[in-house]
Amino acid sequence: MKYLSEYRDPAVARALIQRIKTSATRPWTLMEVCGGQTHTIVRQGLDELLGDAVEMIHGPGCPVCVTPLEQIDKALALAARPDVIFTSFGDMLRVPGSECDLQQIRSRGGTVRVVYSPLDALELATRNPDKQVVFFAVGFETTAPANAMAVWRAKELGVGNFSVLVSHVTVPPAMTAILDAPDNRVQGFLAAGHVCTVMGWKEYEPIAARYKVPIIVTGFEPVDILEGMLLCVLQLEQGRHEVENQYVRSVRREGTRPARELVERVFTLVDRKWRGIGEIPRSGLALRAEFADFDAELRFGLGDMHVSEPAECMAGDVLRGKIKPHQCPAFGTLCTPERPLGAPMVSSEGACAAYYNYGRLRTGAGAARA
Amino acid sequence: MCLGIPGRVVERRNDRGLPMGMVDFGGVKRECCLAYVADEVLPGDYVVVHVGFAIAKVAEEEARRTFEVLREMSQLEELDWMREVADQGLSGLEGGAARPAEAATSEPAP
Numbered sequence: 047m048k049y050l051s052e053y054r055d056p057a058v059a060r061a062l063i064q065r066i067k068t069s070a071t072r073p074w075t076l077m078e079v080c081g082g083q084t085h086t087i088v089r090q091g092l093d094e095l096l097g098d099a100v101e102m103i104h105g106p107g108c109p110v111c112v113t114p115l116e117q118i119d120k121a122l123a124l125a126a127r128p129d130v131i132f133t134s135f136g137d138m139l140r141v142p143g144s145e146c147d148l149q150q151i152r153s154r155g156g157t158v159r160v161v162y163s164p165l166d167a168l169e170l171a172t173r174n175p176d177k178q179v180v181f182f183a184v185g186f187e188t189t190a191p192a193n194a195m196a197v198w199r200a201k202e203l204g205v206g207n208f209s210v211l212v213s214h215v216t217v218p219p220a221m222t223a224i225l226d227a228p229d230n231r232v233q234g235f236l237a238a239g240h241v242c243t244v245m246g247w248k249e250y251e252p253i254a255a256r257y258k259v260p261i262i263v264t265g266f267e268p269v270d271i272l273e274g275m276l277l278c279v280l281q282l283e284q285g286r287h288e289v290e291n292q293y294v295r296s297v298r299r300e301g302t303r304p305a306r307e308l309v310e311r312v313f314t315l316v317d318r319k320w321r322g323i324g325e326i327p328r329s330g331l332a333l334r335a336e337f338a339d340f341d342a343e344l345r346f347g348l349g350d351m352h353v354s355e356p357a358e359c360m361a362g363d364v365l366r367g368k369i370k371p372h373q374c375p376a377f378g379t380l381c382t383p384e385r386p387l388g389a390p391m392v393s394s395e396g397a398c399a400a401y402y403n404y405g406r407l408r409t410g411a412g413a414a415r416a
Numbered sequence: 046m047c048l049g050i051p052g053r054v055v056e057r058r059n060d061r062g063l064p065m066g067m068v069d070f071g072g073v074k075r076e077c078c079l080a081y082v083a084d085e086v087l088p089g090d091y092v093v094v095h096v097g098f099a100i101a102k103v104a105e106e107e108a109r110r111t112f113e114v115l116r117e118m119s120q121l122e123e124l125d126w127m128r129e130v131a132d133q134g135l136s137g138l139e140g141g142a143a144r145p146a147e148a149a150t151s152e153p154a155p
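Sequences listed follow chains P and W, in order.
Under the numbering used here, think of the first position of the first sequence as 47, with each following residue one higher.
Under the numbering used here, think of the first position of the second sequence as 46, with each following residue one higher.
It is worth saying that the hints were derived from the structure and are not from the lab.
Check each hint, because a few of them may be wrong.
Straight-line C-alpha distance at most 20 Å; calculated SDA-like pairs for lysine to any residue [stated by the list, open to error]:
#1 P:Lys201 / W:Gly62
#2 W:Lys102 / P:Arg298
#3 P:Lys319 / W:Ala80
#4 P:Lys258 / P:Gly206
#5 P:Lys177 / P:Cys146
#6 P:Lys319 / P:Pro356
#7 P:Lys258 / P:Gln284
#8 W:Lys102 / P:Leu308
#9 W:Lys102 / P:Val294
#10 P:Lys177 / P:Arg345
#11 P:Lys201 / W:Leu63
#12 W:Lys102 / P:Asp339
#13 P:Lys368 / P:Leu407
#14 P:Lys201 / P:Lys368
#15 P:Lys201 / W:Ala80
#16 P:Lys368 / P:Gln284
#17 P:Lys67 / P:Leu95
#18 W:Lys102 / P:Arg299
#19 W:Lys102 / P:Gly246
#20 W:Lys102 / P:Pro304
#21 P:Lys177 / P:Arg152
#22 P:Lys67 / P:Glu116
#23 W:Lys102 / P:Glu307
#24 P:Lys319 / P:Ala357
#25 P:Lys319 / P:Arg366
#26 P:Lys177 / P:Val205
#27 P:Lys201 / W:Asp60
#28 P:Lys368 / P:Val205
#29 P:Lys201 / P:Arg298
#30 P:Lys177 / P:Asp339
#31 P:Lys319 / P:Ser354
#32 W:Lys102 / P:Lys177
#33 W:Lys102 / P:Arg295
#34 P:Lys201 / W:Pro64
#35 W:Lys102 / P:Gly155
#36 P:Lys201 / W:Met65
#37 P:Lys201 / W:Lys102
#38 P:Lys319 / P:Pro304
The following block holds chain P by itself, in its conformation from the complex (with noise of 0.2 Å):
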């Protein structure tokens, strides 16, 4: 029980592995769709506490690993322009774009700046007035609020030389997509516990009724995850298929309304391109056209551009839970946190980088349980 050591309180933990070992009458095969989930999970082995009663697959929340290879390659255009102050969070600096990225971009003398907050960029804008400044708006509906607000208040302030790069995408679709695959294996969701402090459930509950699958919304620390896996094992046991709270303490059935509600004000949804897993329909963010004048796309004039993946990366394979991370060749090897290949390695929340930095280092063909 060594990967226990760090639960706030173990007996809990031990007492829901066991509820689930004992509950589960055969195996089941779940997905926690949330990258900070992902997270969770390898740091604390609890899928491998498990046995054969449940199987989890790693979903594709990880908004640094989907965003396209097309968005990297145009916020390193932006980047690397002279008039430009560009701003992005953290974890998208050493996401690989199809030359360079953009901690590479900034040591060739290109002007990027990390924020907290998209409303920090904002801020950068009205004391810098002679640059332009981008930011790199990315993520999935938790994020969604804070940059809908710095577009909307740059709209209300008229801050001109604002603008941001959006590649937005949300949960549901891309749920939908993983249910729609003629093979997929996904019996049950561990759905997004903030994703859904915003958004609510109410967008869940025709997916679990048409795909027959128990959705569980779940919060990210270990009991939180035992206790979403305990849920859906239950459910499918009994034959219910579900959306479920067991993070009460943050989400209501409505989400937070004012956030939702400004989201939709400023974007709207289009079909978008999720890299290694390709175009989902209905998936993404856009800005509506009365803040068009905010979009760096459009300000910059960045068309379409000709991008291509590196041929040893299975990214694609790994967000799609048709493989497990360490499966990969050029896992370990080819592509490290250090040189990464593909965006699941950059990020703490992609599976590559999970796997990599908790030691599920490759040893054969023994090791995966796909």
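For chain P, the structure is supplied; the task is to place chain W on it using the hints.
Relative to chain P, chain W alone:
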């Protein structure tokens, strides 16, 4: 990236119509946008903050416990970004002055 950090609202203010407030994250203080929880949060309340925006109000006990768990799991990268921004400041390209440090208080960390 979707993780939120719990913190305690120390004070509220209004920035040209936008509800803002100083939030204390275990001793690291940072101004955050309170627009999405403006109707339910007062100084002393605890909120979950994601990239500078409060997205939900939480109970104090829950906030303290979550903060500790996040610290143990090394999942406080948002705090690192916060510090990097504070170190660099936002004024311009030559580094610029960091935001004025908030006076330390004796109030407990979340």
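Going through the hints against the structure:
1. In summary, the hint linking Lys201 (chain P) to Gly62 (chain W) is supported, as the alpha carbons are separated by about 14 Å, within the 20 Å threshold.
2. About 11 Å separates the Cα atoms of Lys102 (chain W) and Arg298 (chain P), which keeps this hinted pair within 20 Å; it holds.
3. Taking the CA atoms of Lys319 (chain P) and Ala80 (chain W), the gap is near 31 Å; set against the 20 Å cutoff, the hint is violated.
4. Distance restraint check for Lys258 (chain P) and Gly206 (chain P): the Cα-Cα separation of roughly 49 Å exceeds the 20 Å cut-off, and the hinted pair is therefore not satisfied.
5. Restraint check: the Cα-Cα separation between Lys177 (chain P) and Cys146 (chain P) comes to about 24 Å, which exceeds 20 Å; the hinted pair is violated.
6. Of the pairs offered as hints, the one joining Lys319 (chain P) and Pro356 (chain P) holds, with about 17 Å between alpha carbons and a cut-off of 20 Å not exceeded.
7. A C-alpha spacing of about 12 Å is found between Lys258 (chain P) and Gln284 (chain P), which places the hinted pair at or below 20 Å, so the restraint holds.
8. Of the pairs offered as hints, the one joining Lys102 (chain W) and Leu308 (chain P) holds, with about 18 Å between alpha carbons and a cut-off of 20 Å not exceeded.
9. Between Lys102 (chain W) and Val294 (chain P), the direct Cα distance comes to roughly 12 Å. Compliance with the 20 Å bound is thereby established for this hinted pair.
10. With a C-alpha separation of about 14 Å, the suggested pairing of Lys177 (chain P) with Arg345 (chain P) holds against the 20 Å cut-off.
11. Distance restraint check for Lys201 (chain P) and Leu63 (chain W): the Cα-Cα separation of roughly 13 Å lies within the 20 Å cut-off, and the hinted pair is therefore satisfied.
12. Distance restraint check for Lys102 (chain W) and Asp339 (chain P): the Cα-Cα separation of roughly 34 Å exceeds the 20 Å cut-off, and the hinted pair is therefore not satisfied.
13. Between Lys368 (chain P) and Leu407 (chain P) the alpha-carbon distance is near 18 Å, which keeps this suggested pair within the 20 Å criterion.
14. The hinted pair formed by Lys201 (chain P) and Lys368 (chain P) fails the criterion: a straight-line CA distance of about 44 Å is larger than 20 Å.
15. For the proposed pair Lys201 (chain P) and Ala80 (chain W), the alpha carbon gap of about 17 Å is at most 20 Å, so the pair holds.
16. This hinted pair does not check out: Lys368 (chain P) and Gln284 (chain P) have alpha carbons roughly 27 Å apart, beyond 20 Å.
17. Between Lys67 (chain P) and Leu95 (chain P) the CA atoms are separated by roughly 10 Å; this keeps the pair inside 20 Å, and the hint holds.
18. For the hint linking Lys102 (chain W) to Arg299 (chain P), the alpha-carbon distance of about 15 Å falls within 20 Å, and the restraint holds.
19. At roughly 14 Å between alpha-carbon atoms, Lys102 (chain W) and Gly246 (chain P) fall within 20 Å of each other, so this suggested pair holds.
20. For the hint linking Lys102 (chain W) to Pro304 (chain P), the alpha-carbon distance of about 13 Å falls within 20 Å, and the restraint holds.
21. The hinted pair formed by Lys177 (chain P) and Arg152 (chain P) meets the criterion: a straight-line CA distance of about 16 Å does not exceed 20 Å.
22. For the given pair, Lys67 (chain P) sits about 44 Å from Glu116 (chain P) by alpha-carbon distance, which is inconsistent with the 20 Å threshold.
23. About 18 Å separates the Cα atoms of Lys102 (chain W) and Glu307 (chain P), which keeps this hinted pair within 20 Å; it holds.
24. Restraint check: the Cα-Cα separation between Lys319 (chain P) and Ala357 (chain P) comes to about 18 Å, which is no more than 20 Å; the hinted pair holds.
25. Among the hinted pairs, Lys319 (chain P) with Arg366 (chain P) is consistent with the structure: their alpha-carbon atoms are about 14 Å apart, no more than 20 Å.
26. Annotation: proposed proximity of Lys177 (chain P) to Val205 (chain P) holds, straight-line Cα distance about 12 Å (limit 20 Å).
27. This hinted pair checks out: Lys201 (chain P) and Asp60 (chain W) have alpha carbons roughly 15 Å apart, not beyond 20 Å.
28. A hinted pair counts as satisfied when its Cα atoms are at most 20 Å apart, and Lys368 (chain P) with Val205 (chain P) does not qualify at roughly 46 Å.
29. Taking the CA atoms of Lys201 (chain P) and Arg298 (chain P), the gap is near 31 Å; set against the 20 Å cutoff, the hint is violated.
30. In summary, the hint linking Lys177 (chain P) to Asp339 (chain P) is supported, as the alpha carbons are separated by about 16 Å, within the 20 Å threshold.
31. A distance of roughly 14 Å separates the Cα atoms of Lys319 (chain P) and Ser354 (chain P); the hinted pair therefore holds under the 20 Å criterion.
32. A distance of roughly 37 Å separates the Cα atoms of Lys102 (chain W) and Lys177 (chain P); the hinted pair therefore is violated under the 20 Å criterion.
33. Annotation: proposed proximity of Lys102 (chain W) to Arg295 (chain P) holds, straight-line Cα distance about 9 Å (limit 20 Å).
34. Distance check on the hinted pair: Lys201 (chain P) and Pro64 (chain W) sit about 17 Å apart at the alpha-carbon level, within 20 Å; holds.
35. For the suggested pair Lys102 (chain W) and Gly155 (chain P), the alpha carbons sit about 42 Å apart, so the restraint of at most 20 Å is broken.
36. Using a Cα cut-off of 20 Å, the hinted pair Lys201 (chain P) and Met65 (chain W) holds, with the two alpha carbons roughly 18 Å apart.
37. Simply put, Lys201 (chain P) and Lys102 (chain W) have alpha-carbon atoms about 28 Å apart, too far for the 20 Å limit, and the pair is violated.
38. Distance check on the hinted pair: Lys319 (chain P) and Pro304 (chain P) sit about 28 Å apart at the alpha-carbon level, beyond 20 Å; violated.
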